[in-house]
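Visitor: Residues -40 to -1, 1 to 536 (mature numbering (1 follows the signal peptide of the UniProt record, and there is no 0)) are what the sequence shown spells out, left to right.
Please keep in mind that the hints were generated in silico from the structure rather than gathered at the bench.
Here are the in silico distance ranges between beta carbons for each label pair: (1) P354 - R228: 50 to 60 Å; (2) R228 - E347: 53 to 63 Å; (3) E307 - H357: 26 to 36 Å; (4) E18 - R456: 57 to 67 Å; (5) R228 - G72: 25 to 35 Å.
A virtual CB, placed ideally from N, CA and C, is assigned to each residue, including glycine.
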Amino acid sequence: MTLTAPPRTTGKRRHPCVTRRAGPGSLLLALLLVALPAAAGCPEPSSANLAAIKGIGERTALPADREVIVDGVVTGEFLGRERLNGFYLQQATEHGPVGLFVYMPGATPSDGALIAPGIHLQLHARTGEYRGQIQLQRVEQIETCARDRLPEPLAVDWPLSEEQLSRKKGLLLTFPQTLTVSGNYELARYGSLKLAATRLFRPTNAPGETQQRDILVLDDGSYRTFPSPIPYLDAEGTRRVGSTVEGLTGILTHAFDAYRLHPTLEPRFEDANPRPEPLPAPGERLRVATFNVENYFISLGQRGAANADELKRQRAKLAAAVEGLQADILALVEVENDPRALADLVEQLSERTGIRYRAVGGDADRGSDAIKLALLYRPDRVEAVSELYADNDPAHHRPPLAAFFRSLNGGPAFGVVTAHYKSKTGCPPSGDIDRGQGCWNQRRVEQSEAMNAFLDRLAAAEGHERLLLTGDLNAYGAEDPILALTREGLVDLMARELPPEQRYSYVFRGESGYLDHALASPELAAAVVEVRPWHINADEPVFLGYDGPDNAAPYFRPDSFRSSDHDPIAVDLEWR
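Can you make the complete structure from the sequences, with help from the hints?
Guide: So, in structure tokens, the structure goes:
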């Protein structure tokens, strides 16, 4: 998001003590506009008010490059190239309060002393427009009319209608209600957060999901990229989705296809969704966990780590996550399709956590995709009683894998199946396009149909139906691919065990939901005693990951948080 500034004025800026000369433009202005009475304390009558400049009421907006004398109270100061290069004026008019941005890239330190919130100023400037927004620019003269005139911010409740938002652009607003951080993806890049009345969920995440979906972007008084320091962080160097802010006060504007608030008071955040503790040890239970490890590649510069430093960071974070999971069986997604990568990951986890994992072996076809699936287990807690099975149905481009296990403390054998369905990205121009559930939805339905057949074959081969399907199915809970599985008898454990507001493992464009699943056959579902998404990743800003940008370097920690873009999901089993 690189901004191209409007052209600078080529003339010299006039100082407040310089008397304006009446040129042709001024004479034309005098003919077209009726001078307004001089505001209290201002040196001369204004030629237009802010409502006339913006075209509020029955008038049309003044054309660009019209010379005007205008007054108003400064409500927000954002001078300097590192900020907005200007400030906001607000004025009471017959149409109500009106606000307008004044673009002033050439502001001097002496100008800065005059331009402060609460100062009533009179400007000699020209009208202009930038990215569809009316503004004042080419400021030639500034006079102080009065001080300590800051208007009370207008109290509003979110969401607002489009008409209300349009009329309130440029105004000083306050939001008495509590707003929730629903997205933090652009925090490190643009210094912004997505806010909503409550945490937003994908409409297809749960049956009957209905929410008010309006988003307000909390910006940082700047359109720069990669701000340093990164704004709005807490004492732990993060700002999680689910955090709340109350009494937010600032200037409303519209830019880059969104309504944004540039705060004039430091936002007061509440850590309403604090970082979770590591999971308690499973004890006598058995724990199966699915974990998308976000492209674990030892081949540098491909889909995973770009260099050795990033790989080192990735290993440290993944090890911390696995140590905190304390899983007996790990179903992994997005491991490089190279035997060396899986061997390296197993070795790294063993060295860094002290927990010895073993990969289930066998000559099952892993497919030709760049990434593959894997099943790991702890031989000190679990016995693998089969080699890998793979489903090579052509619907799958990453063959699902399965293996059967038994606790060393006894109990029946059971199967764990892991899958990674076609993603919602890379949409085709026609055919399997997005019809409300992301593109490639029909392909994912076909994968679920193939999966149902694969589960039937596994049950026949092993002589029982104790099966757990887990992995990244790239479909939300109420979408067709999941319904194709549950209609055949599988139990959606996330839906059975958790209320809708806790069913998420991923955040995309400010909407939460669960793409990562745990579905069990009825016989195995009877042994499930707890299902727990461990929210160490989805709520965290992306810059904390192993491949964060340069401005994120001071905040990196070798901990479990943002070890991936997906949360792991743990399923605890207990044979009664």
